[in-house]
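Could you build the full structure based on these sequences and the hints that come with them?
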Amino acid sequence: MALHGYSPKPQALDAVFAALADPTRRAILSRLATGEASVNELAAPFEMSQPAVSKHLKVLERAGLIERDIDKQRRPARLKAEPMAAAVSWLEEFRAFWSSSLDQLDGLLHELKQAEKKGADND
Amino acid sequence: MTEVPTYVLERVFDAPRALVWRTFTEPELLSRWYGPNVETIVHRLDVKPGGLWLNEMKWGGNSNYERVEYTEVEPPARLVWLHSVADADWNIATNPMMADWPRVLLTTVTLEEDDSGRTTMRLTWVPHEASAAELACFASALEGLDKGWGAGMALLEELLAELQADAV
Numbered sequence: 001m002a003l004h005g006y007s008p009k010p011q012a013l014d015a016v017f018a019a020l021a022d023p024t025r026r027a028i029l030s031r032l033a034t035g036e037a038s039v040n041e042l043a044a045p046f047e048m049s050q051p052a053v054s055k056h057l058k059v060l061e062r063a064g065l066i067e068r069d070i071d072k073q074r075r076p077a078r079l080k081a082e083p084m085a086a087a088v089s090w091l092e093e094f095r096a097f098w099s100s101s102l103d104q105l106d107g108l109l110h111e112l113k114q115a116e117k118k119g120a121d122n123d
Numbered sequence: 001m002t003e004v005p006t007y008v009l010e011r012v013f014d015a016p017r018a019l020v021w022r023t024f025t026e027p028e029l030l031s032r033w034y035g036p037n038v039e040t041i042v043h044r045l046d047v048k049p050g051g052l053w054l055n056e057m058k059w060g061g062n063s064n065y066e067r068v069e070y071t072e073v074e075p076p077a078r079l080v081w082l083h084s085v086a087d088a089d090w091n092i093a094t095n096p097m098m099a100d101w102p103r104v105l106l107t108t109v110t111l112e113e114d115d116s117g118r119t120t121m122r123l124t125w126v127p128h129e130a131s132a133a134e135l136a137c138f139a140s141a142l143e144g145l146d147k148g149w150g151a152g153m154a155l156l157e158e159l160l161a162e163l164q165a166d167a168v
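Line by line, the protein sequences are chains V and Y. So the first sequence is numbered by the working numbering: it starts at 1 and just counts up by one. So the second sequence is numbered by the working numbering: it starts at 1 and just counts up by one.
Watch out, some of these pointers could steer you wrong.
[Said to hold, decoys possible] Okay, the calculated beta carbon distance ranges per label pair:
| # | chain 1 | residue 1 | chain 2 | residue 2 | range |
| --- | --- | --- | --- | --- | --- |
| 1 | V | 75 | Y | 51 | 48 to 56 Å |
| 2 | Y | 77 | V | 78 | 41 to 49 Å |
| 3 | Y | 46 | V | 54 | 58 to 66 Å |
| 4 | V | 106 | Y | 60 | 23 to 31 Å |
| 5 | Y | 112 | V | 96 | 20 to 28 Å |
| 6 | V | 99 | Y | 87 | 25 to 33 Å |
| 7 | V | 96 | Y | 42 | 18 to 26 Å |
| 8 | Y | 116 | V | 99 | 17 to 25 Å |
| 9 | V | 46 | Y | 63 | 47 to 55 Å |
| 10 | V | 40 | Y | 88 | 49 to 57 Å |
| 11 | Y | 133 | V | 62 | 21 to 29 Å |
| 12 | Y | 63 | V | 47 | 51 to 59 Å |
The set of hints was computed from the structure by calculation and includes no laboratory data. Heads up, the beta-carbon is just placed ideally off N, CA and C, and yes, glycines get one too.
This is the structure in structure tokens:
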């Protein structure tokens with residue numbers, strides 16, 4: 001099966017794994033799993049400077065794991081992974097449905113061709 | 001974002017185009033390949049603009065219903081239809097698995113035959129008259145697949161479960 005335009009890009013997946021490899025970033029995701037938070041709110045428990053937290057947030061944002069409001073002053077970060085994970089897994093099922101169906105179609109076409117050939121030979 | 005999210009699937013069949021066309025338009029052939037590991041029952045198949053394909057897929061004690069309305073029929077090259085999940089009375093329904101999944105997907109099938117008698121089939125899906133939420137859901141799924149999340153899915157789900165367990 002060839003899938004065009006939306007085949008997995010290994011370098012993007014690398015970005016996800018690299019983002020998850022750091023314990024501070026995992027702790028930030030864990031905090032965001034309970035709800036959105038501003039840089040200030042995120043920095044407090046880690047005893048980290050705001051710029052250091054901002055840097056981690058940029059890595060998570062680039063990997064597509066979180067999103068941030070651009071309009072609001074406090075620019076809260078929120079977890080993006082879960083809704084996307086649900087949508088992706090449904091699309092995966094959709095793709096698997098069609099892919100298996102088209103495998104069956106391949107077999108059926110082969111059968112029909114054989115039958116036509118037999119019919120022609122008997123004529 | 002002005003571009004409508006589009007999902008594309010391409011397949012080459014070692015069969016002439018006229019034969020592939022028949023498998024999409026004759027009920028006894030369509031029911032033999034459409035739907036893996038289910039019993040496919042074609043309740044109606046009327047392949048003409050405005051015509052309906054009413055399809056039931058049975059497995060175990062369950063049934064899934066789909067309602068398809070054809071909008072363009074150009075034998076043996078092009079078939080366009082509106083694809084929806086349906087209830088048992090064939091009314092268009094919300095996807096029970098994903099509330100924001102587009103209720104109607106505009107599905108286009110094109111068939112091209114090459115010199116050696118092989119047929120390239122191209123299937124595309126785009127959300128039809130979709131709400132902002134439906135467009136966002138479909139775009140998000142495509143974007144996630146694009147990032148390779150399909151491959152890393154199990155790992156990611158595990159991690160999210162772990163994170164949430166930690167957060168409690």
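Pairwise beta carbon distance, residue 96 (chain V) to residue 42 (chain Y), judged against the given window 18 to 26 Å
holds, 22 Å
Per the hint of 17 to 25 Å, is the separation of the Cβ atoms of residue 116 (chain Y) and residue 99 (chain V) within bounds?
holds, 24 Å
Supplied distance hint 20 to 28 Å, evaluated on CB atoms of residue 112 (chain Y) and residue 96 (chain V)
Given a distance of about 25 Å, which is inside 20 to 28 Å, the answer is holds.
Could you see if the CB distance from residue 77 (chain Y) to residue 78 (chain V) stays within 41 to 49 Å?
holds, 47 Å
Could you see if the CB distance from residue 46 (chain Y) to residue 54 (chain V) stays within 58 to 66 Å?
holds, 59 Å
CB of residue 133 (chain Y) to CB of residue 62 (chain V), is that within 21 to 29 Å?
Holds - the Cβ-Cβ distance for residue 133 (chain Y) and residue 62 (chain V), about 25 Å, lies within 21 to 29 Å.
Taking the Cβ atom of residue 63 (chain Y) and the Cβ atom of residue 47 (chain V), is their distance within the range 51 to 59 Å?
Given range 51 to 59 Å: holds, Cβ gap about 58 Å.
Could you see if the CB distance from residue 46 (chain V) to residue 63 (chain Y) stays within 47 to 55 Å?
holds, 52 Å
49 to 57 Å was suggested as the range; check whether the CB atoms of residue 40 (chain V) and residue 88 (chain Y) agree with it.
holds, 53 Å
Determine whether the Cβ-Cβ distance between residue 99 (chain V) and residue 87 (chain Y) falls within the hinted range of 25 to 33 Å.
holds, 27 Å
Does the Cβ pair residue 75 (chain V), residue 51 (chain Y) satisfy 48 to 56 Å?
holds, 52 Å
Is it true that the C-beta distance of residue 106 (chain V) to residue 60 (chain Y) lies inside 23 to 31 Å, as the hint says?
Given about 26 Å between the Cβ atoms, the range holds.
Of the numbered hints given earlier, the model fails none.
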